[in-house]
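Bring the two chains, given one by one in their own frames, into a single complex with the hints.
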Amino acid sequence: MNAQFKRGIVELLVLKTVEERPRSSFEVIEVLSEAVDVNENTIYPILRRLSKQGYFDIEKDHSDIGAPRKVYTITKEGEERLAEFEREWETFLQNVLKILGGKRYG
Amino acid sequence: MVDRFLEALREKLHLFEMSEDERQDILSDYEQMIRDGLDKGKSEEEVLDMLGTPDCIVDSLSQEYKMKKRLPASEKIVALSPFVCTILYIIMGIAGGLWHPGWLIFLLIPVTAIVSDSISEGEKHLLTAISPFLAVIFFFFLGFFQGLWHPGWLVFFIVPVFAIFNSKKSLSLLALLTSLSPFFTLTAFFIVGHITGVYHPTWVVLLLVLFLGILHEKKAAERYILAGTLAFSTALYLVLGYAFEDWLLALGAYLIFAVALLATGNRIIQIDGFDTPLEKSVGVVSLLLFALIGYFFSLFAISWLFLLLIPITSILLNARESKKFTAISPFVSVAAFMLIGYFGGYWHPGWLVFLLIPIVAIIEDA
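Protein chains in written order, with this note's numbering: chain B, 1 to 106; chain C, 1 to 366.
Quick caveat, the hints were computed from the structure, so don't treat them as lab data.
From a predicted model like this one, the values you see are computed outputs, not experimental measurements.
Don't take each hint at face value.
[Unchecked claim] List of simulated lysine-lysine pairs, DSS-like, C-alpha gap at most 25 Å:
#1 K52(B) x K12(C)
#2 K16(B) x K218(C)
#3 K70(B) x K218(C)
#4 K52(B) x K76(B)
#5 K70(B) x K60(B)
#6 K6(B) x K16(B)
#7 K60(B) x K16(B)
#8 K6(B) x K52(B)
#9 K60(B) x K40(C)
#10 K16(B) x K52(B)
#11 K76(B) x K60(B)
#12 K70(B) x K42(C)
#13 K16(B) x K70(B)
#14 K12(C) x K324(C)
#15 K76(B) x K16(B)
#16 K70(B) x K40(C)
#17 K98(B) x K6(B)
#18 K60(B) x K42(C)
#19 K324(C) x K280(C)
#20 K70(B) x K52(B)
#21 K280(C) x K218(C)
Just chain C, with the same shape it has in the complex (with noise of 0.2 Å):
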């Protein structure tokens, strides 16, 4: 409750023209005082009900300070980001006949948004939020225009490459590789099975991600037997797959590894590239949907929309409260465009759905 309390008095806080060491103050002082009533006997209830509503508070105190104006040059830009769209979209329509994909141009609305807001409330994840518009016209551009929609995919890879760089700053070097490092060896595997055909054996540089993991193993000793034996199943079943060209019998080099993992107590191995268990799930899960999905059913195309899940999960875990459906909407509304598009061929009154993103804005704001 004191929690809600703090949190919900530091975002009205940022209504007013304060320095953010004043701010700090001030949400020290309240955090003094619920402690000092605390202190007193009184109940979390009773001393927030003294303390009365952030509301209030603020209330009160916009007596001493001026309410923050937000810089009208981005608001006048995101006003007029929609009529400059039309204009661009019915030139290029009949200028160069480009009605389709020229609607894509209409993505730039939500992102002159995105960036504005970014810019005058200090947004540290600007390129998170705009990675799936990134994203999308990317991807779009590669499929029309260099008919390129495998593997141009992958580029939705930059969406959870950017949440992982934005929300992880404080990790490792080896957490944060590992953490990349599924995304990296996908794009590595598809790109060089599509250039040379040769998807198999490229695949072990799949085994990357394993061997970043084992890396976080504590104990030296076990660190290295799981390690080397890795590499080495690897360089033998590569060796064996090429001299005798039979692929399956090689894969039989891994046992070496089976055994050395049994040998070490068969632990899972720990990565500690999320924070919390939640995460995790959440990263493994969707990661497995993604490649499953795409694979089972032909469907990379739409089932790297389940790799929003990770920058979502991340965001309802760690945004600020007032902010979260805010924050969540434009992958919401990334996917919504997408499975509109793609389900039901929408794809141009589709961007329609970025609407939703200043919708969800006005009322969290209100």
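Chain B with its partners taken away, still in its complex shape (with noise of 0.2 Å):
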């Protein structure tokens, strides 16, 4: 699968497990590379330029011994990003459906 497209279905991924309730970098590439067929060493700069993007939070959970553990939280702008990006995935697999389908059963 071409990169640039896959890495666009990392994003639309990685906002996602975020919007779910916050986690951590590790718990988001752990979630994602169970679920999807994905390069587990592309989640972490995708996470951080969403970060930078103002997509995401980060909180420091200081609960546990040792240094602060940062965790994400999804931002207004990162749902409305997430949606955005929900509705253009929707379209494109409804279109992609159609086509697949007309071919194979039409």
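Structure, rendered in structure tokens:
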């Protein structure tokens, strides 16, 4: 699959995973790598970029022993971006399925 | 394994244009991810497999950051240095007949490369890296033009002195003085000896090393007793020596110090000028080899090479894993250059060994 295309999907999945509940970087990587065939080392740079773009807030969890753990929480901009992303993705999928379905079953 | 991973990642991150804070932030994120993975019961290997190799990580990050570009000006200067040196060498040779020791100008090639690299990489050990070259140039200058081969070789002490200054900034003043004292006292001893011809009893200046070592003793009473008896024994030795002109008898004065050593438990005095036992041992052994081989075989012009073991050990223990051989290459090439020149008489083409420095750097970078 085209790398750029795959990155776009991973971006959507990262946003969705953090929207479900605040998560640490490791949790995001763990959830995504268990669910889909994705190159794990591409996730962190995306997580970092999305934070820089203001889609995530970073909170520090001091509850554990040792250095505080960074936890990513989705922002309002992040939720809007996710909603837009999901709409685009659904439209895209419908169109793809329409073509594939037509070819296979038509 | 984790340390190696983080160290490798740190080095790879230096390839990108980003602030030091950001670099630290990324590293601490990876540190946290590794900790999280281990907390969840995964092995180090599993966690690192999951995160990917530093190369893969950097490859992914490269889509988010720009690769660093080296300063073109510094690269141009390094690239031009062999041509400039060759032209200057030919001019000096034809115009002034200075084929020898004009070839020393070629030493400027590795010096230029080291200086340029240090500036662009923010390297803090510039002085240590170029000290062997400065020492060689100054040594030959003193030798060829002033005939001062002895005690000109003392200039090589700048190599360990710079190394100690550069790597021991956290030392207390006393520890710093103690580390440097062997070099300063030996320099004082040989210079005074050379000028006045009075090597004896000028040698007592070397006892300053022992005196400074005693000041590290933690128990105040023992410290005062040992320092006091050493100072008193030395004063008595000088008085007796000059009064009776029997220096062997005068040595008996040190019995007082010997008794004090026995009375205080005759312990070996700890000098914390070097970080690890290995560094301490190398420091002592290299000084001993330098002095013994220099003295018994009249080979001070070569035996100083043992002093290079001090910065080499420090680099091998402390430098970044992937830059170790580049960091020690100036010292190795100076040693090779001196050995080829001294034993083979090939000073002239010997400078070619300095090409080892850029070759090692290229190989290690690759």
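| Pair hint outcome, K70(B) versus K52(B) [Cα-Cα no greater than 25 Å] | Holds, because 14 Å separates the two Cα atoms, which is no more than 25 Å.
| query | Taking only the CA atoms, is the gap from K6(B) to K16(B) under or equal to 25 Å? | reply | holds, 15 Å
| request: Would you mind confirming whether the straight-line C-alpha gap from K324(C) to K280(C) stays at or under 25 Å? | output: This hinted pair holds, its Cα atoms lying about 20 Å apart.
| Holds or violated: are the alpha carbons of K52(B) and K12(C) at most 25 Å from each other? | Status holds; Cα separation ~21 Å.
| field | 25 Å Cα cutoff - pair K98(B), K6(B) | value | Holds: K98(B) and K6(B) sit about 21 Å apart, inside 25 Å.
| query | Do the alpha carbons of K16(B) and K218(C) lie within 25 Å of each other, as the hint requires? | reply | Between K16(B) and K218(C) the Cα gap is close to 62 Å, so the pair fails against 25 Å, i.e. violated.
| field | Given hint K218(C) paired with K280(C) - CA-CA distance at most 25 Å | value | At roughly 19 Å apart (the allowed maximum being 25 Å), K218(C) and K280(C) satisfy the hint.
| query | Does K6(B) pair with K52(B) here, judged by a C-alpha cut-off of 25 Å? | reply | Distance of about 20 Å is within 25 Å: holds.
| CA of K70(B) to CA of K42(C), is that 25 Å or under? | holds, 20 Å
| query | Does the alpha-carbon distance linking K70(B) and K40(C) stay inside the 25 Å limit? | reply | holds, 16 Å
| Holds or violated: are the alpha carbons of K70(B) and K60(B) at most 25 Å from each other? | holds, 5 Å
| request: Decide if the proposed pair is consistent with the structure: K60(B) and K40(C), CA atoms, cutoff 25 Å inclusive. | output: holds, 19 Å
The structure does not agree with the numbered hints 2, 3 stated previously, though it agrees with the rest.
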